[in-house]
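For chain C, the structure is supplied; the task is to place chain F on it using the hints.
Same order as they appear, the protein sequences are chains C and F.
Counting along the first sequence from 1, when you hit position 102 you're at 102 in our numbering, and nothing is skipped either side.
Take the position in the second sequence, starting the count at 1, then add 1000; the result is the number in our numbering.
One should not assume that every hint holds.
[Claimed, not checked] Listed below are the simulated DSS-like cross-link pairs for lysine-lysine, each with C-alpha atoms no more than 27 angstroms apart in a straight line:
#1 F:Lys1051 - C:Lys43
#2 F:Lys1040 - C:Lys47
#3 F:Lys1040 - C:Lys43
#4 C:Lys109 - C:Lys47
#5 F:Lys1051 - C:Lys41
#6 C:Lys41 - F:Lys1040
#7 C:Lys82 - C:Lys43
#8 C:Lys109 - C:Lys43
#9 C:Lys90 - C:Lys43
Since the hints were derived computationally from the structure, they do not count as laboratory data.
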Amino acid sequence: MAAIEKTSAPRSGANTVIGSSIVIDGEISGDEDLVIQGTVKGKISLKESLYVESSGVIEADIETANVEVSGQVTGNIAATDKVELKTDCKVVGDIRAPRILIADGAMFKGNVDMEVRESKGK
Amino acid sequence: MATLDGSTIIGESILINGSLNGDEDLTVRGRVEGTLTLTKTLVVEQSGIVKAEVQVRNCVIAGVVVGNVTATESVEITKEGRMVGDIGAPRVIIVDGASFRGRIDMGEVDVGRGERIGRPIARPAPRPALRAPAAAKGGKKEEAKGKAEEKAAPGKPPAPPPAVGMGAVKRKVVVRRK
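Just chain C, with the same shape it has in the complex (with noise of 0.2 angstroms):
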């Protein structure tokens, strides 16, 4: 399942890619999906969906409202719908969303909240 996903023919639509060999040290936000295959240190924020594809390595805090990890995340990630570490994955960091989900396979180091606080806000 996590395999499917994987491949890169359901995100070829997707207006955002940063590949494989860039890095970038900074802020990333938008309000479109995000495909990272390369490292990206600092913060992103965004109002759609972030793919860390396998290649993708990040060193950041992530707001996003979807994020789907087959990469390795350093960093907390604050998701307002959904995180999922797939297959192979490696995240040190604290998530919280109201849904989250573990594949077999994956590793995860940190604190996991599923509370939903959406009356609050962020």
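Same frame as chain C, but now just chain F:
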């Protein structure tokens, strides 16, 4: 719009603030602020805004670039492109309609003529920027001379150009033939 593997696209709603380094082509449709270093080609599309110190191999500007651009090969400002900043590149292409303000350094020029030619390169470049509004109203006189490719369009510019600019434009023609 297709996303090829190994190419990076910054979508329209995306803002990147900080430094961006990479070894692959980069297409910017959104905003990038800070520093941008690539070993390949940067394409700033029409919706793209780059406010950064840019170091790349090739640069194609169809959007907006504010900041200095250093390219090891070429910098091209297309007719939609707008740029403010200095350009350092062995090849600089500024097409009709492009808007540019800043200096251009194409590096070492022939010793015999280099000193004379080196300066005019820096001056004519702003001409398209200043002439662009006039061109839209039908005054293509300056660009026709500057580009040496549009001989027609005998419109009259609304305001007479400064004498320095005229000289600079003429000298630019010499440079281009060289």
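Outcome of the hint check:
Of the supplied pair hints, the one linking Lys1051 (chain F) and Lys43 (chain C) holds, its CA atoms being roughly 19 angstroms apart against a limit of 27 angstroms. For a cut-off of 27 angstroms, the pair hint linking Lys1040 (chain F) to Lys47 (chain C) is broken: about 30 angstroms separates their Cα positions. Annotation: proposed proximity of Lys1040 (chain F) to Lys43 (chain C) holds, straight-line Cα distance about 25 angstroms (limit 27 angstroms). Between Lys109 (chain C) and Lys47 (chain C), the direct Cα distance comes to roughly 25 angstroms. Compliance with the 27 angstroms bound is thereby established for this hinted pair.
A C-alpha spacing of about 19 angstroms is found between Lys1051 (chain F) and Lys41 (chain C), which places the hinted pair at or below 27 angstroms, so the restraint holds. Distance restraint check for Lys41 (chain C) and Lys1040 (chain F): the Cα-Cα separation of roughly 21 angstroms lies within the 27 angstroms cut-off, and the hinted pair is therefore satisfied. A hinted pair counts as satisfied when its Cα atoms are at most 27 angstroms apart, and Lys82 (chain C) with Lys43 (chain C) qualifies at roughly 18 angstroms. Only pairs whose Cα atoms come within 27 angstroms are accepted, and Lys109 (chain C) paired with Lys43 (chain C) is accepted, the gap being roughly 19 angstroms.
Taking the CA atoms of Lys90 (chain C) and Lys43 (chain C), the gap is near 18 angstroms; set against the 27 angstroms cutoff, the hint holds.
The structure shown violates just one earlier hint, number 2.
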